[in-house]
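Chain L is fixed; fit chain E onto it per the hints.
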Amino acid sequence: MADSAWPGTLSATAADSDSPRHRAWVRATHWITALCFFALLVTGFEIVISHPRFYWGESGNVNTAPLFHIPIPSSRATVPTGYGNVLPDQNGWSRALHFEAAWVAVITGLVYLLLGISTRHFAKNLIPQARLSIRAAIKAGAWSYNPVQRTTYLAVIFVLFPLEIWSGLAMSPAFVGAVPASVILLGGRQSARTLHFFDSLILLLFVAVHLAMVIRAGFWPRTRAMITGQMAEGQ
Amino acid sequence: MSKFSRRRLIATGLAAAGGVAGLDVAAKLAQKYGLVPPDHGGIYGAGETLTYAAQRLLTRHSLAREFPRSYISARPFANEISPRDEAFDRMKAGGFADWRVAVDGMVARPRSLSLSDLKSYPQSSQITEVICEEGWSYVAEWIGVRLHEVLDAVEVHPQAKYIAYFSLDKDWWDSMDMADALHPQTFLAYGMNGAELPVGFGGPLRMRVPRQLGYKSVKFITRLTVTDSVKKFGKGLGSAAPEAGYAWYAGI
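Which chain is which? The protein sequence lines are L and E, in order.
For the first sequence, the positions run 1 to 235 when the working numbering is used.
For the second sequence, the positions run 1001 to 1252 when the working numbering is used.
So that you can see chain L by itself, here it is in the shape it has in the complex (with noise of 0.2 Å):
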């Protein structure tokens, strides 16, 4: 989630330089984030080879027909994969780390949600501006972000983690418990969880995306900028 916290508006100038590009409380949430999103990826993809098969509704077993399946072997010998090799079982280590980046997550999340409503941080540098041609924003470069750009952060700020957020707690038994209507809006647990793995599929083409963007731009600067806060001259 990079996000520029460029002070001033697209007609600022070079005076306005010894600002930071990016403020600290963006820099710490974002590497956080990035930190616990990298935790969630390799654990989940733990946890789903214990059963790579995907259902649609309330539940959903080995004995009934999966929705979809992943063509892989698994880490249960009692899931049929039409492979001979049974992988070895990480979902200890994996659910609790899953479970702790989670919490990390949501509160970095939390607090970043506070800050850029308090500070105007998405008002002023996500909220896309109609007025704004794609041409003024490639001009303007480095210290803005562009309407397709600010969209798509918006859509991962407010729709995407928080709807892994929200599938995610549609699984826990004692969650759905006390609020029902988690799991039956998702269509049921197996819904939930069949959307919790899209919707980290589609997050991380949003990661890929990002990666391949800031490589393109510079790897270095643009790294150093969400590390130090600081460009350097003529970034």
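Rather than coming from a laboratory, the hints here were simulated on the basis of the structure.
Note that the structure is predicted; figures quoted are calculated from it, not measured.
Wrong hints could be hidden among the right ones.
One-sided and incomplete, this derived list gives chain L residues near chain E with beta-carbon spacing under 8 Å [to be verified]:
| hint | residue |
| --- | --- |
| 1 | 50 |
| 2 | 60 |
| 3 | 61 |
| 4 | 64 |
| 5 | 99 |
| 6 | 100 |
| 7 | 120 |
| 8 | 173 |
| 9 | 174 |
| 10 | 176 |
| 11 | 177 |
| 12 | 180 |
| 13 | 182 |
| 14 | 190 |
| 15 | 193 |
Positions of the beta carbon are idealized from the N, C-alpha and C atoms, including for glycine.
Chain E in isolation, oriented as in the chain L frame:
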């Protein structure tokens, strides 16, 4: 860069000291109010503790989802059936008339209960989902006795904090706190979908803890021990699950 001042240094120091003291107080309060799971140690302990404490503070009395009959899975999955010995097969041939469940520990009248003893208690049923940590699930009707009926009959000491429960399968034991032990949906189940509980699904007797993942619903129950500490069982982590790397509290 920012300027360091004495005032700022003192303020930072006080804030840090306050933070450490606050964490210490929070830890003591959490311990006092039973918000710390037995497997709170290690690098994943913080996550386990946050989950358990949040669930106990916010959802202590909530009920697991129950379903209409139309949701009962036509083809439930029994999962791996633990290897059983000759003695088990003999008991099965005899309709499990010799099956016994010991109820001991911090109780006024320890007992050894047969299945017919359990069936003499008020019978309850629930249609709930078995949710495996692997991701699959099925819905079934469970028939049995509420655990709290059994605990009331043996008169549990007020200092009791956990019920440890043991399977015929020596590698599979677990424990739950009193919030779950006294919960109206926590069952000792001896029936499933209108019939006797099949061996594949844990017959003749399995625990049902529907607010937690399937592995807490231990099959082939032979003993219940009421205790104020789970430290004396196994490696002291509350169940066999943390010894294999899994969470003690599986309500997530």
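Okay, the hints, checked on the actual structure:
no., hint, in the structure
1, 50, "4 Å, holds"
2, 60, "6 Å, holds"
3, 61, "4 Å, holds"
4, 64, "6 Å, holds"
5, 99, "5 Å, holds"
6, 100, "3 Å, holds"
7, 120, "23 Å, violated"
8, 173, "5 Å, holds"
9, 174, "3 Å, holds"
10, 176, "6 Å, holds"
11, 177, "5 Å, holds"
12, 180, "6 Å, holds"
13, 182, "10 Å, violated"
14, 190, "7 Å, holds"
15, 193, "6 Å, holds"
Checked against the numbered hints above, the structure breaks hints 7, 13 and satisfies the rest.
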